[in-house]
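Chains as they are written, first to last, in our numbering: chain A, 1 to 483; chain B, 484 to 693.
This list has only true hints and no planted wrong ones.
With a Cα cut of at most 16 Å, we get these calculated EDC-like pairs of lysine to aspartate or glutamate: (1) A:K42 with B:D533; (2) A:K33 with B:E670; (3) A:K42 with B:D672.
These aren't lab readings, by the way, just hints derived from the structure by calculation.
No experiment lies behind these values; they were computed from the predicted model shown.
Letter by letter, the chains look like this.
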Amino acid sequence: MTNDRGVVWLDTPAFPEAARTALADTQLRANLKRATSTIRDKRLTVAAELDDWEQLRESAAAIKQHTARHLDRYLVQLEEAVTAAGGTVHWAADAAEANRIVTELVQATGESEVVKVKSMATQEIGLNEHLAEHGITAYETDLAELIVQLGDDRPSHILVPAIHKNRTEIRDLFRAEMGHWGQPAPEDLTDEPRELAEAARRHLRQKFLTAKVAVSGANFACADTGTVLVVESEGNGRMCLTLPETLITVMGIEKVLPTWSDLEVFLQLLPRSSTGERMNPYTSAWTGVTEGDGPSAFHLVLLDNGRTDTLADPVGRQTLGCIRCSACLNVCPVFERTGGHAYGSVYPGPIGAVLTPQLVGVEQAASLPFASTLCGACYDACPVKINIPEVLAHLRAKVVEAKDGHTVEGLAMKAAGKVLDSPRLLGAAQKAAALGGRALARDGKIGRLPGPLHGWTDTRDTPAPPAESFRTWWRKNREGGSS
Amino acid sequence: MSSREAILGRVRAAIADTPAEPAPIPRAYRRSHLVPGRHAVELFAERVADYRATVTRTDPAGLPAAIAAALAERSVRRLALPDGFPTELLPPGSEWQWHREPLTVPELDRLDGAVTLAAVGIAVTGTIVLDAGPGQGRRALSLVPDYHLCIIRAEQIADDVPDALARLDPTRPLTFVSGPSATSDIELDRVEGVHGPRVLHVIIIEPEQQ
Chain A
1 MTNDRGVVWL DTPAFPEAAR TALADTQLRA NLKRATSTIR DKRLTVAAEL
51 DDWEQLRESA AAIKQHTARH LDRYLVQLEE AVTAAGGTVH WAADAAEANR
101 IVTELVQATG ESEVVKVKSM ATQEIGLNEH LAEHGITAYE TDLAELIVQL
151 GDDRPSHILV PAIHKNRTEI RDLFRAEMGH WGQPAPEDLT DEPRELAEAA
201 RRHLRQKFLT AKVAVSGANF ACADTGTVLV VESEGNGRMC LTLPETLITV
251 MGIEKVLPTW SDLEVFLQLL PRSSTGERMN PYTSAWTGVT EGDGPSAFHL
301 VLLDNGRTDT LADPVGRQTL GCIRCSACLN VCPVFERTGG HAYGSVYPGP
351 IGAVLTPQLV GVEQAASLPF ASTLCGACYD ACPVKINIPE VLAHLRAKVV
401 EAKDGHTVEG LAMKAAGKVL DSPRLLGAAQ KAAALGGRAL ARDGKIGRLP
451 GPLHGWTDTR DTPAPPAESF RTWWRKNREG GSS
Chain B
484 MSSREAILGR VRAAIADTPA EPAPIPRAYR RSHLVPGRHA VELFAERVAD
534 YRATVTRTDP AGLPAAIAAA LAERSVRRLA LPDGFPTELL PPGSEWQWHR
584 EPLTVPELDR LDGAVTLAAV GIAVTGTIVL DAGPGQGRRA LSLVPDYHLC
634 IIRAEQIADD VPDALARLDP TRPLTFVSGP SATSDIELDR VEGVHGPRVL
684 HVIIIEPEQQ
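Kindly generate the complete structure, drawing on both the sequences and the hints.
Here you go:
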């Protein structure tokens, strides 16, 4: 389940195989198509309301770049501010250390249950599984995360993790599983979204009112004030962040922002990019602890887990600007057809295809940089202007290098390099290709090629080479010809 | 070496290739998306209502009646009242029970709703911000009961997000509220009220027209 760096990473089967299975699932494709096209339209409408959208993106990218360049300074400043406000800061080099810190903090409270706000960072480190091994039950309280947890399933989307399930599937799941975790679903539960949400409300209410410990992630943290923010919709976040006595927040080190006022950029970009709303229903912001309001103990765990390796790569480091809005997923033609599970990663879609290989090591997620058409829609959609196609191409080169050129592609490129260097060899090759290609072609198209080349032709047709090359034509018609 | 030192060391090594002074951050975006000539209170009322919240506009003299009408509309009777709430604003009559702090969470859960003031409003996004100041209560107060009646004065409404953030004190516990609790997790159908209040009613107090 986790790789040797501790990142939750399934990779079984690899993307091409998993995608083939997903593509055969017509229900999944129908669910996904409806969902992604709905969010796409909403996002475009509300982004268009701001005629300075491009300027906001420019600023967001520049703030993230600036923060990365001074990350050491801002992390230390954040630590000082949080500590001064009564919080405790912990540093976790990897998943194992973060899991150990959180587990010990929970154990110190004497509790064996925690309520959780949906968080990508805790999914990335496999926190729930780790807590379970130590006898601590973690209850996911976001509706979609609850659906995933009850189904012993995996999230398939960053923002709407249960996007792959339709209402009937959710109704069946609630009826079958809720009783094992707490308040059962009503006997006569229908598949109306309103009724399903009500069942979830009742199921979780008791947990919120009695939980002593909560675990969350963080969308942003301001270095100057030590303020941490969680952006959400349902109010489950507010419940977890304010009712328990102890709050433990696990945050990737890249989530820090220099100042409170930098939020003016991100609080405009994030809701519009993710759910297509002008503002999400609830944002909670807290600074350390406040007497008489909210938890009396606050712990902030700063997580590296591969992020400093990503920071060291001049091309790849821009990936750390990601604010997990998931706009890139909803515009991606590949994601729309395969869904998130095929990526085998906590972070699916275009951002997952660049982030996961960097966090787990390129050699371990070699298929992901290829899980894209490089169409560039993700780059256009990204509110912080991460050039995902550029990073994908960069990582593809790394994958090929890691394989030392021993792939068919690598050998072909080496051979091509030699041929292109020599006009004589090129002329001969073109003549041979014209003859060979036309022999293989039917109706001007080459269908299936034999041997190792079938990997290319299985999924696409190739036009047959012309009868003569441009060089031959030129020699015949121009050189020594009329002009 | 501690993990703190290890991480900071790795960060410093990773950014060693970058220039010490990066390019300045461009700030060419607008401070406000309020269309010139458009009134912030008008837009705020419209945008809050867009989230399927109820909005009432009144003047100071009309406030008690507006509160009474709002509560009657939803048959809300037992309400949490935060410390520092100006009781002279409340409607007279015995139809309502006002529950004051200290309240336990189970007690809050048994109430029908809460009445609060606000710290700041944001016109362009239709957002109200509570900062736990007088009349707003701690965060749980406007969260646990199923109904939230929020009263905001016109002059508290900022045009847009940058202006609103500048008005707030980040060291206070802040809650930004844009419409009632909502989820879109089931086939992206928006459903109000999963864990937070299902009903949000906002009353805007505007100065009396001369």
